[in-house]
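There are 2 protein chains.
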Amino acid sequence: MEGKIQNAVQDYYPDDFAWCYGCGRQNESGHHFRTVWLGEQTVTIYTPKQEHTAIPGFVYGGLIASLIDCHGTGSAALALHRKNGHEIGDGTEPARFVTASLKVDFVKPTPLGVPLKAVGTVQEIHPKKWKVDVEVFVNDDVCARGEVVAVVMPSTFVKKD
Amino acid sequence: MEGKIQNAVQDYYPDDFAWCYGCGRQNESGHHFRTVWLGEQTVTIYTPKQEHTAIPGFVYGGLIASLIDCHGTGSAALALHRKNGHEIGDGTEPARFVTASLKVDFVKPTPLGVPLKAVGTVQEIHPKKWKVDVEVFVNDDVCARGEVVAVVMPSTFVKKD
Numbered sequence: 001m002e003g004k005i006q007n008a009v010q011d012y013y014p015d016d017f018a019w020c021y022g023c024g025r026q027n028e029s030g031h032h033f034r035t036v037w038l039g040e041q042t043v044t045i046y047t048p049k050q051e052h053t054a055i056p057g058f059v060y061g062g063l064i065a066s067l068i069d070c071h072g073t074g075s076a077a078l079a080l081h082r083k084n085g086h087e088i089g090d091g092t093e094p095a096r097f098v099t100a101s102l103k104v105d106f107v108k109p110t111p112l113g114v115p116l117k118a119v120g121t122v123q124e125i126h127p128k129k130w131k132v133d134v135e136v137f138v139n140d141d142v143c144a145r146g147e148v149v150a151v152v153m154p155s156t157f158v159k160k161d
Numbered sequence: 001m002e003g004k005i006q007n008a009v010q011d012y013y014p015d016d017f018a019w020c021y022g023c024g025r026q027n028e029s030g031h032h033f034r035t036v037w038l039g040e041q042t043v044t045i046y047t048p049k050q051e052h053t054a055i056p057g058f059v060y061g062g063l064i065a066s067l068i069d070c071h072g073t074g075s076a077a078l079a080l081h082r083k084n085g086h087e088i089g090d091g092t093e094p095a096r097f098v099t100a101s102l103k104v105d106f107v108k109p110t111p112l113g114v115p116l117k118a119v120g121t122v123q124e125i126h127p128k129k130w131k132v133d134v135e136v137f138v139n140d141d142v143c144a145r146g147e148v149v150a151v152v153m154p155s156t157f158v159k160k161d
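Read top to bottom, the protein sequences are chains A and B.
Just so we're aligned, residue 1 is where the first sequence starts under the UniProt record's numbering, counting upward by one.
Just so we're aligned, residue 1 is where the second sequence starts under the UniProt record's numbering, counting upward by one.
If you're looking for bench data, these hints aren't it; they were derived computationally from the structure.
Please note: incorrect hints may appear among the correct ones.
Each pair may be met inside one copy or between any two copies, as identical chains are not told apart.
As the list claims (entries may be wrong) - Heads up, simulated DSS-like pairs for lysine-lysine below, C-alpha to C-alpha not over 27 Å straight-line:
(1) K103 - K128
(2) K108 - K49
(3) K83 - K131
(4) K83 - K117
(5) K108 - K129
(6) K128 - K83
(7) K128 - K108
(8) K103 - K49
Fair warning: this is a prediction, and the values are worked out from it, not measured in the lab.
Start from the sequences, fold in the hints, and give me the full structure.
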């Protein structure tokens with residue numbers, strides 16, 4: 001299912017900012033999370049690898065936190081892009097967000113070996129600061145809930161030569 | 001420096017519960033975070049790999065969240081073990097904690113290529129539930145602050161055959 005998703009926001013991040021271990025298309029070692037609209041919500045689907053173990057049979061919490069994190073920044077980028085009158089794939093680059101804060105409640109042990117679905121609900125706090133509420137599902141079960149506050153990438157993230 | 005640390009709590013988790021991607025000694029693909037006492041506080045030191053990039057030159061937030069997560073559960077295990085009259089390496093196994101909730105504030109961009117030092121302050125909420133406040137340093141700069149609520153691993157984490 002993951003392979004069929006078209007027009008993920010991460011497919012259109014500027015090349016220089018597409019190296020994220022979680023969601024950068026240019027990071028060969030990374031997870032390659034990809035985030036799309038699902039009606040008025042957003043979704044990222046990802047199947048953890050066997051190595052992403054916490055206790056045997058269950059998914060590592062740090063991977064779930066990573067999924068929520070990148071889903072949050074990706075969702076904020078989608079939302080600002082739409083607010084600006086654009087859709088992904090229309091030839092314009094979405095803004096790149098980074099995470100100001102991340103909160104995760106682990107609701108129940110998350111079984112390993114099946115797809116996780118992160119669903120986001122996006123809310124504008126400020127033109128450059130968005131809050132994304134995230135639920136992570138396995139089938140119809142909510143296994144984790146998260147909240148991401150994402151901000152448009154500040155200039156402190158640009159390396160000085 | 002990481003190689004010289006003795007008596008990390010993760011060195012003594014029961015074999016069946018030492019597979020965590022973040023801190024399990026048996027997970028060949030994982031980060032192998034190792035947590036020790038530092039006076040009345042706890043510390044985990046880890047140097048991210050080049051692939052653990054967010055924006056080029058800076059550490060991926062999901063890796064920082066993972067470090068805080070495992071440092072939290074490891075610190076809780078250290079604290080309960082000491083409360084029970086034991087020290088790591090005295091021949092007794094520490095309890096295995098899992099994460100109930102995780103909160104991370106990303107204070108400033110975290111430079112890649114240098115060691116991160118997570119320092120924890122542990123507080124008992126309940127005999128089976130501990131809160132760990134974590135600061136992640138690069139040299140003397142706090143780059144992230146976290147809070148982990150860790151609970152003794154419940155029976156729902158034991159796979160049914």
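Going down the list of hints, with the structure as the test:
no. : hint        : result
1   : K103 - K128 : both (19 Å within a copy, 22 Å between copies)
2   : K108 - K49  : within (19 Å within a copy, 30 Å between copies)
3   : K83 - K131  : within (15 Å within a copy, 40 Å between copies)
4   : K83 - K117  : within (25 Å within a copy, 40 Å between copies)
5   : K108 - K129 : between (30 Å within a copy, 16 Å between copies)
6   : K128 - K83  : within (12 Å within a copy, 46 Å between copies)
7   : K128 - K108 : between (33 Å within a copy, 17 Å between copies)
8   : K103 - K49  : both (23 Å within a copy, 24 Å between copies)
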